[in-house]
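Protein sequences appear in the order of chains L and E. FYI, the numbering for the first sequence is 521 to 765, going by the numbering used here. FYI, the numbering for the second sequence is 255 to 640, going by the numbering used here.
These are calculated hints, taken from the structure and not from any lab test. Keep in mind the model is a prediction, meaning the values are calculated, not measured. Ideal Cβ placement from N, Cα and C applies to all residues, glycine included. Take these hints with a grain of salt, some might be off.
Stated by the list, open to error - Computed from the model, here is a short list of chain L residues facing chain E with C-beta under 7 Å: (1) LEU573; (2) VAL576; (3) TYR594; (4) TYR599; (5) LYS603; (6) VAL606; (7) PHE610; (8) PRO611; (9) THR612; (10) MET620; (11) TYR623; (12) GLY624; (13) GLN656; (14) LEU660.
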Amino acid sequence: MKDKIAIKVDDLTVAYNFKPVLWDVDLSIPEGVLMAIVGPNGAGKSTLIKAMLDIVKPIAGTIEIFGKPYKKQYKEVAYVPQKGSVDWDFPTTALDVVLMGTYGSLGWIKRPGKTEKKEALEALEKVGMLEFRSRQISQLSGGQQQRVFLARALVQKASIYIMDEPFQGVDATTEKAIINILKELRKSGKTVVVVHHDLQTVPEYFDWVTFLNVKKIATGSVKDIFNDDNLTKTYGINYKVSLLQ
Amino acid sequence: MTSAQIEIQLIACIVAVACAIPGTFLVLRKMAMISDAISHSILPGIVIGFFLTEDLNSPWLILLAAFSGILTVVLVEYIQKTGLVKEDTAIGLVFPSLFSIGVILIAKNAGDVHLDVDAVLLGELAFAPFDRMIIGGADMGPKSLWVIGIILLVTLTLLLAFFKELKISTFDKQLAATLGFSPVIMHYGLMTVASVTTVGAFDAVGAILVVALMIAPPAMAYLLTNNLKKMLLIASGFGIIGAILGYWVAHWLDASIAGSITTVLGVLFFLIYMFSPNRGLISVLYRQKRQEVEVHLLTFLLHLQNHSEKSERHINHLNEHINWHKVRAQSVLDLALKNNMITIDDSIISLTEKGKTFTSEAINYIITNKSAAIEEMKDRFFLFRG
Chain L
521 MKDKIAIKVD DLTVAYNFKP VLWDVDLSIP EGVLMAIVGP NGAGKSTLIK AMLDIVKPIA
581 GTIEIFGKPY KKQYKEVAYV PQKGSVDWDF PTTALDVVLM GTYGSLGWIK RPGKTEKKEA
641 LEALEKVGML EFRSRQISQL SGGQQQRVFL ARALVQKASI YIMDEPFQGV DATTEKAIIN
701 ILKELRKSGK TVVVVHHDLQ TVPEYFDWVT FLNVKKIATG SVKDIFNDDN LTKTYGINYK
761 VSLLQ
Chain E
255 MTSAQIEIQL IACIVAVACA IPGTFLVLRK MAMISDAISH SILPGIVIGF FLTEDLNSPW
315 LILLAAFSGI LTVVLVEYIQ KTGLVKEDTA IGLVFPSLFS IGVILIAKNA GDVHLDVDAV
375 LLGELAFAPF DRMIIGGADM GPKSLWVIGI ILLVTLTLLL AFFKELKIST FDKQLAATLG
435 FSPVIMHYGL MTVASVTTVG AFDAVGAILV VALMIAPPAM AYLLTNNLKK MLLIASGFGI
495 IGAILGYWVA HWLDASIAGS ITTVLGVLFF LIYMFSPNRG LISVLYRQKR QEVEVHLLTF
555 LLHLQNHSEK SERHINHLNE HINWHKVRAQ SVLDLALKNN MITIDDSIIS LTEKGKTFTS
615 EAINYIITNK SAAIEEMKDR FFLFRG
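Chain E on its own, in the form it takes in the complex:
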């Protein structure tokens, strides 16, 4: 690897972690879309900042642009509070307006300078190593590495200091307020960090990738853990994996790095969405299917217990009597047999002792509404699950 390659990957990784931290809280607050809004509406801030400073990495430009990010949040909330339009509509109204002001400002005034809408939206990570930080003639590395590095450091410090406050105001805003923590301060603090991170990262990776890095890794982590600290760590980890994998995909395809990282994140999310052990789509469907069969099994056993007459227990009468298709009746019958709950004697089905005990216990739990106890009981009785 050349040093430029290493620098690019390092920048991408730091951006990924800096985005994953505020992103985790945005996802938990159901505010993912606000990051999209911020990423667009910082444009006028960037343009005005650029006119004033003529330097895309100037701290003034970053602060000004972050201010327009916060302005977005304030405007969205103001419009929403009037009760005349809903929040998603308010977001859809505010950020295109601010963004288009930026577009017009660029078109009118910046025809001859290095600043165009594409650069802001898509960024170009491959160029990041060319813009060096020179102090007293010594090369200190790429400028954007410094910018985003400092932003990450500040974000981490704030996270460590205010972890408890962030957690409580995200989980239970009212409790936070009654305990003397101002949810408003936490809210705007988080929005400021999200805005500053977006601005700091746009030059390197572009505004769209910032959104992907803020939302996709926390969304993946959310499907994998029940612990906020772990969620932050896993989200950061996925951000880093996406950044490095994406870089090499871009290298291999000779395509945009930001685009490749975003694609890799999309693919990773899809995989976790499908295969996450507890909350993944496949395991959810599997559990549902299993529960469905087991509910049918219980219905079937109940029917057997309620009817001693032979006509009701004849194997051929089952689909008529409890109104099931052949396939379902067969699979339920198989499951009951495999678990030694029933015996079949001359096409007449009878409950075994085990089947009787199971059914009576289950009825008891269903009447008293103890679903956890039923699951526990299934573990005790079943040799094979549905």
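Same shape as in the complex, but just chain L:
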């Protein structure tokens, strides 16, 4: 067990129209892990990270980022939403979208300048999208759009990265590129939390995992808790790790 806690969720309950989608969830995410949140459809995975980001208001419970509420710590957190959450026909370029990641540290009114532009270009290069910087975003493939989103999170220079299904609908090359960057982030001490669908890749990609199905089933290192028992408890049918391969 690592010592410092990056995100601490206490007794969290979230309901939509009085129907709980998350029920009494307790969760401590140690600093410096690369963690997958897994669970069936409707398990509340996206809701959990949206609650961490203060986008969804819980009906009970608290969330702390490095010991303080999100509102005081938002500069420590970078969020990569689902690709489908924005309108890709918006009149803007890849570089401009990445620049939006710098808006948080700029604050109100101040405009991005040369330094921000340089950082944005570096982030684009890191995700292998430099040559597409002037491309209108609707002209990018799904994988390229996801990489632009990742670059936008990178320029936020946060300590915690929270991502909602970054591998959905992307090609194999993009998936490799993204996971390599996430592993690099972990190496440099960042905490990465990913809503993930593909159980098969969990042991290969992640070192920490949380099983979720409205309630928290288990959380811990992949080595210790990624087993038949927890898979079955989460997905409700007789699941076996060996069947995933």
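On the provided structure of chain L, position chain E as indicated by the hints.
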């Protein structure tokens, strides 16, 4: 031109730019209909404001009317949030109710004053120069020029100050929220500007033209550019062109100025919708047609590559074998010939070396799902496009 003519055109142009700015963001937020709702539901605000101030250009009246515009937005969102009806239904419920309250208020109380529903809906730009701003006995120009001029100035200042915030909250509301920019504040700020602009402009150009000026120019700009700043500039430009052209059309037809400007905007939009180089209907259809023919060409080449037996490559067997009409088979054949992909020898079709290379490369890209590479390859191989 007389000075009244110049003043009218100036007012129309300023209204056009003041509308194009919030309009651009409304269009991008897919909220165009809310401007229609606001333009109608400001009526009760105007009526009550008029009873209190007896002056259609009073700042109090403008604020009160703008408040009823914002009330519309709040009510629409409240009804929608209950989940019982959808947003478009909510809009359709709210603004006629507020509008009709205004109509009843006018009918009951304002029979003998200068305020009627027609004036609010259609405005009369031609009368704008008669209502002068007199300060200390000096004529400072038409009142409505001052009202809308100040509104434009405030709008521009807000746009310059909060451009980044407007952009991010329009493109990605959730990111805006997580970065500490309140999308709610931006949303209501934009709605306030849209409401104030509508109220400030209705006296000069009427509520219906306000809607046309808010939506049509940004919609045209959207079809022409991929850059938000340019979209704002182009939208303003089209607003101005529509205003001036519309004025002279009205002059020539001896018709309503507001009506003529709206008509001109409609015609302009139609032209751009048809002829815009990238997103226009004609270029979209042209591209689709071309791609269709080129897909058929590739299918045809693949067939040739897969079959060495002569019976499969006979010119007369083509329509039977790959099930095409004569016309299509002929156009595909012509395209392949023109591009030196095939040769025809005694009614038997064979791939040329170029045709073989093209087909193998194309298969490779199709298998690995690289559509951009295929387009690039077409540019390299084709002498003539489909």
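Now for the hints, and whether the structure bears them out:
1. LEU573: Check passed: Cβ of L/LEU573 comes within 5 Å of chain E, closer than 7 Å.
2. VAL576: Cβ of L/VAL576 sits 10 Å from chain E, so the hint is violated.
3. TYR594: holds (5 Å)
4. TYR599: holds (5 Å)
5. LYS603: With a minimum Cβ separation of about 11 Å from chain E (threshold 7 Å), the hint on L/LYS603 is violated.
6. VAL606: This hint holds: L/VAL606 lies near chain E, its Cβ roughly 5 Å from the closest one there, short of 7 Å.
7. PHE610: holds (5 Å)
8. PRO611: Constraint on L/PRO611 satisfied, holds at 5 Å.
9. THR612: holds (6 Å)
10. MET620: holds (5 Å)
11. TYR623: holds (6 Å)
12. GLY624: Since chain E brings a Cβ to about 4 Å from L/GLY624, closer than 7 Å, the hint holds.
13. GLN656: OK, holds: L/GLN656 within 7 Å of chain E, min 4 Å.
14. LEU660: violated (10 Å)
Hint check: violations occur at hints 2, 5 and 14; the rest are consistent with the structure.
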